[in-house]
Amino acid sequence: MAKQIHYDTEARAALKKGVDTLANAVKVTLGPKGRNVVIDKSFGAPTITKDGVTVAKEVEVEDKVENMGAQMVKEVAS
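With this note's numbering as the guide, the letters of the sequence shown map in order to residues 313 to 390.
Below are the DSS-like pairs computed for lysine-lysine, each with C-alpha atoms no more than 25 Å apart in a straight line:
id: 1; residue 1: 362; residue 2: 329
id: 2; residue 1: 386; residue 2: 315
id: 3; residue 1: 369; residue 2: 386
id: 4; residue 1: 362; residue 2: 386
What the hints contain is simulated information worked out from the structure, not anything from laboratory work.
Sequences are here, hints too, so could you generate the full structure?
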């Protein structure tokens, strides 16, 4: 399969969308008024958590470029 190459604003927009997706999932868990997040897994019961790290680990975006943005944030944060 051939490699996909993205340039300029198209690449930045896709990476930013992945970063924003991860950030929006995690930010609701922050602070004393942080809310619960339900994580659906392919097996077993869903997980309910307020832990931002657990939420971040489970985020995986469908689009490959957007997923790279989300994965980069996870790597930088660890």
